[in-house]
Amino acid sequence: MADQSYYDPKDLRKFGKITDWQEDLGSKFFEYYNSVFQEGALTAREKSLIALAVAHTERCPYCIDAYTKDGLQRGITKEEMMEAVHVGAAIQSGASLVHGVQMMNKVNKLDG
Amino acid sequence: MKTQSLKKRDSELAQAKRQLEILSNGIFQDGELPTFAEKIAENGHFPLRPRRLEILQINVGYMCNQVCEHCHVDAGPDRKEIMTRETMQQCLDVIKRTGAHTLDLTGGAPEMNPDFRWFVEEAAKAGISDFIVRSNLTIIRANKKYYDLPEFFKKYNIHVVSSMPHWTRGKTDKQRGDGVFDASIEALKMLNAVGYGMPDSPLKLDLVYNPSGAFLPGDQAGLQAHFKKALLEDFGIQFHDLFAITNLPISRFLDYLIASDNYEDYMYALVEAYNPAAVQNVMCTNTLSVSWDGWLYDCDFNQMLGLGVASPVKHISEYQEDLLQDRKIVISQHCYGCTAGAGSSCQGAVV
Ligand code: SF4
Ligand code: SF4
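Residue numbers (the UniProt record's numbering), protein chains in the order written: chain A, 1 to 112; chain B, 1 to 351.
Please note: incorrect hints may appear among the correct ones.
In silico EDC-like cross-links for lysine to aspartate or glutamate, where the CA-CA straight-line distance does not exceed 20 Å [claimed, not checked]:
(1) A:Lys14 <-> B:Asp30
(2) A:Lys17 <-> B:Asp265
(3) A:Lys14 <-> B:Asp265
(4) A:Lys10 <-> B:Glu32
(5) A:Lys10 <-> B:Glu272
(6) B:Lys171 <-> A:Glu39
(7) A:Lys10 <-> B:Asp30
(8) B:Lys174 <-> A:Glu31
(9) A:Lys78 <-> B:Asp219
(10) A:Lys69 <-> B:Asp178
(11) A:Lys78 <-> B:Asp173
(12) A:Lys69 <-> B:Asp219
(13) A:Lys69 <-> B:Glu321
(14) B:Lys228 <-> A:Glu39
(15) A:Lys14 <-> B:Glu272
(16) B:Lys229 <-> A:Glu79
(17) A:Lys14 <-> B:Glu264
(18) A:Lys14 <-> B:Glu32
(19) B:Lys96 <-> B:Glu321
(20) B:Lys229 <-> A:Glu39
(21) A:Lys10 <-> B:Asp261
(22) A:Lys69 <-> B:Glu264
(23) B:Lys228 <-> A:Glu46
(24) A:Lys10 <-> B:Asp265
(25) B:Lys229 <-> A:Glu80
(26) B:Lys174 <-> A:Glu80
(27) A:Lys47 <-> A:Glu31
(28) B:Lys171 <-> A:Glu80
(29) A:Lys78 <-> B:Asp178
(30) B:Lys171 <-> A:Glu79
Calculated from the model, a selection of chain A residues having no Cβ within reach of chain B, i.e. all distances over 10 Å [stated by the list, open to error]:
(31) Tyr6
(32) Asp8
(33) Leu25
(34) Ser35
(35) Glu58
(36) Leu72
(37) Glu83
Taking CB as the label site, the calculated pair distances span [said to hold, decoys possible]:
(38) A:Gly26 <-> B:Ala193: 54 to 60 Å
(39) A:Gln22 <-> B:Ile27: 25 to 31 Å
(40) A:Gly16 <-> B:Arg9: 52 to 58 Å
In short, the hints are calculated from the structure, not lab data.
Bear in mind that the values here come from a model prediction, so they are computed numbers and not experimental data.
Ideal Cβ placement from N, Cα and C applies to all residues, glycine included.
Using the sequences plus the hints, can you model the full thing?
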């Protein structure tokens with residue numbers, strides 16, 4: 001069916017249900033997750049922007065929705081959010097490009 | 001940005017009955033989400049009852065110089081309902097009799113009521129310890145006749161509580177109209193100039209933040225820190241506290257939620273963020289709301305939904321505290337807005 005896809009935005013509401021079939025591990029995950037996002041040496045606001053950037057590099061639509069909303073709730077502006085997305089994109093493309101050195105090394109070794 | 005109230009636009013949502021139908025049906029009727037009554041019953045809070053009356057909130061009229069996108073009052077320049085001096089006198093009689101320590105004047109833009117200053121002068125004599133006026137700020141810059149409002153507020157030691165949706169121009173103007181940010185900044189400077197909002201000043205100036213879209217307010221302390229830093233660095237403006245309040249799904253905000261296809265998600269978010277600890281402190285438990293025509297409500301939101309108090313005493317002219325205290329608070333699904341996260345009241349978070 002054309003209007004169906006693997007991702008349904010409504011499924012995000014059910015994230016908590018992952019504990020249903022593995023209560024212990026699921027609860028441990030949520031406990032860890034919630035601790036990570038508490039105010040710490042980094043502010044919760046900074047962590048939210050990091051999460052948004054990672055959500056994009058991981059290309060997770062649920063996380064993008066969740067941390068866009070979280071950012072708005074914290075008063076983060078759309079310009080700040082887009083900068084965070086660029087940080088993620090820059091690291092991601094840098095990570096691809098830096099492997100170019102490996103390619104260069106290999107070329108030099110095989111055909112230098 | 002719409003420039004007319006729902007009422008003027010003849011929108012079906014101008015009818016309180018239609019809003020209540022939407023809030024009662026759909027996801028709540030089919031059991032997908034629990035109703036507010038079911039939810040508070042889980043913690044033994046049903047029926048919700050008032051504690052001691054502490055705050056009398058008086059809505060002196062729906063007329064306003066702005067037409068904010070999310071206004072729960074559906075206020076605007078085209079709204080003509082304003083409180084008469086006669087009703088004000090009935091309120092004054094009650095103010096003198098109650099033990100309420102806070103008087104909270106709201107609107108619309110309360111300053112647009114022609115008897116506003118008279119009422120403030122008379123009410124100030126009653127010895128209230130906290131006398132709040134909810135000012136939208138731009139009214140102070142709207143017309144020369146309002147330029148002296150900061151001095152007037154100072155004379156009566158009014159506690160000024162003002163809306164400020166964001167520390168950036170774009171977000172503020174999107175929600176409240178073009179030019180609102182700059183006019184609000186000018187008004188805040190005028191208030192600071194007479195001593196309002198300065199760190200040790202007794203002239204209290206608090207700001208109210210409400211989200212500019214279909215999301216809940218984040219942590220109040222974090223938002224306050226950001227507002228303080230930005231307004232001080234960018235404009236040299238100071239204020240005391242920031243109250244973060246949740247937009248309740250009624251009136252123009254409900255209209256916006258439905259039009260932007262956000263209604264269901266927003267209700268889910270409210271229900272998911274339900275915090276039982278906030279229930280004991282929702283503002284209807286210590287507040288009574290009076291409409292421009294003298295009718296009594298549990299809160300300003302119930303007033304807009306036409307949900308009068310469930311008491312034999314229904315009008316300010318027949319006020320009897322003991323009978324009113326005995327009532328059950330009238331609730332519906334919009335009440336989830338008061339209990340989400342850290343809770344939300346006219347004074348911001350409640351837990
Ligand atoms: S200033 Fe307040 S009363 Fe006036 S339209 Fe905006 S939200 Fe409504
Ligand atoms: S909307 Fe009014 S009645 Fe409902 S919980 Fe909030 S203050 Fe109480």
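Evaluated hints:
1. A:Lys14 <-> B:Asp30: Holds, at roughly 18 Å.
2. A:Lys17 <-> B:Asp265: Holds, at about 18 Å.
3. A:Lys14 <-> B:Asp265: holds, 13 Å
4. A:Lys10 <-> B:Glu32: holds, 13 Å
5. A:Lys10 <-> B:Glu272: Holds, because 13 Å separates the two Cα atoms, which is no more than 20 Å.
6. B:Lys171 <-> A:Glu39: With Cα atoms ~26 Å apart, Lys171 of chain B and Glu39 of chain A exceed 20 Å; violated.
7. A:Lys10 <-> B:Asp30: holds, 17 Å
8. B:Lys174 <-> A:Glu31: violated, 38 Å
9. A:Lys78 <-> B:Asp219: The given pair, whose Cα atoms are some 18 Å apart, holds under the 20 Å limit.
10. A:Lys69 <-> B:Asp178: violated, 25 Å
11. A:Lys78 <-> B:Asp173: Since the Cα atoms of Lys78 of chain A and Asp173 of chain B sit roughly 15 Å apart, the hinted pair holds (cutoff 20 Å).
12. A:Lys69 <-> B:Asp219: With a Cα-Cα distance of about 13 Å, the restraint between Lys69 of chain A and Asp219 of chain B holds, given a limit of 20 Å.
13. A:Lys69 <-> B:Glu321: Violated. Lys69 of chain A to Glu321 of chain B sits at ~43 Å, over the 20 Å cutoff.
14. B:Lys228 <-> A:Glu39: At roughly 19 Å apart (the allowed maximum being 20 Å), Glu39 of chain A and Lys228 of chain B satisfy the hint.
15. A:Lys14 <-> B:Glu272: holds, 11 Å
16. B:Lys229 <-> A:Glu79: Answer holds: Lys229 of chain B to Glu79 of chain A is near 18 Å, not above 20 Å.
17. A:Lys14 <-> B:Glu264: The given pair, whose Cα atoms are some 15 Å apart, holds under the 20 Å limit.
18. A:Lys14 <-> B:Glu32: Roughly 13 Å separates the two Cα atoms, so the pair holds.
19. B:Lys96 <-> B:Glu321: holds, 12 Å
20. B:Lys229 <-> A:Glu39: Given that 20 Å is the threshold and the Cα spacing comes to 18 Å, the pair holds.
21. A:Lys10 <-> B:Asp261: Roughly 13 Å between the alpha carbons, so the hint for Lys10 of chain A and Asp261 of chain B holds.
22. A:Lys69 <-> B:Glu264: holds, 15 Å
23. B:Lys228 <-> A:Glu46: Holds - the C-alpha atoms of Glu46 of chain A and Lys228 of chain B are around 18 Å apart, at most 20 Å.
24. A:Lys10 <-> B:Asp265: OK: Lys10 of chain A and Asp265 of chain B at ~9 Å, within 20 Å.
25. B:Lys229 <-> A:Glu80: Judged against 20 Å, a Cα distance of about 17 Å means the pair holds.
26. B:Lys174 <-> A:Glu80: holds, 18 Å
27. A:Lys47 <-> A:Glu31: Cα-Cα ~16 Å, so holds.
28. B:Lys171 <-> A:Glu80: holds, 13 Å
29. A:Lys78 <-> B:Asp178: holds, 19 Å
30. B:Lys171 <-> A:Glu79: Since the Cα atoms of Lys171 of chain B and Glu79 of chain A sit roughly 12 Å apart, the hinted pair holds (cutoff 20 Å).
31. Tyr6: Fine: 20 Å to the nearest Cβ keeps Tyr6 of chain A off the interface.
32. Asp8: holds, 13 Å
33. Leu25: Correct as stated: the minimum Cβ-Cβ distance to chain B is 22 Å, above 10 Å.
34. Ser35: Ser35 of chain A clear of chain B: closest Cβ-Cβ about 16 Å, beyond 10 Å.
35. Glu58: Glu58 of chain A clear of chain B: closest Cβ-Cβ about 22 Å, beyond 10 Å.
36. Leu72: With a cut-off of 10 Å, Leu72 of chain A comes too close to chain B, as the shortest Cβ separation is near 5 Å.
37. Glu83: Glu83 of chain A clear of chain B: closest Cβ-Cβ about 14 Å, beyond 10 Å.
38. A:Gly26 <-> B:Ala193: 54 to 60 Å: holds, 57 Å
39. A:Gln22 <-> B:Ile27: 25 to 31 Å: holds, 29 Å
40. A:Gly16 <-> B:Arg9: 52 to 58 Å: violated, 40 Å
Violated hints, listed in ascending order, are 6, 8, 10, 13, 36, 40; each of the other numbered hints is respected by the structure.
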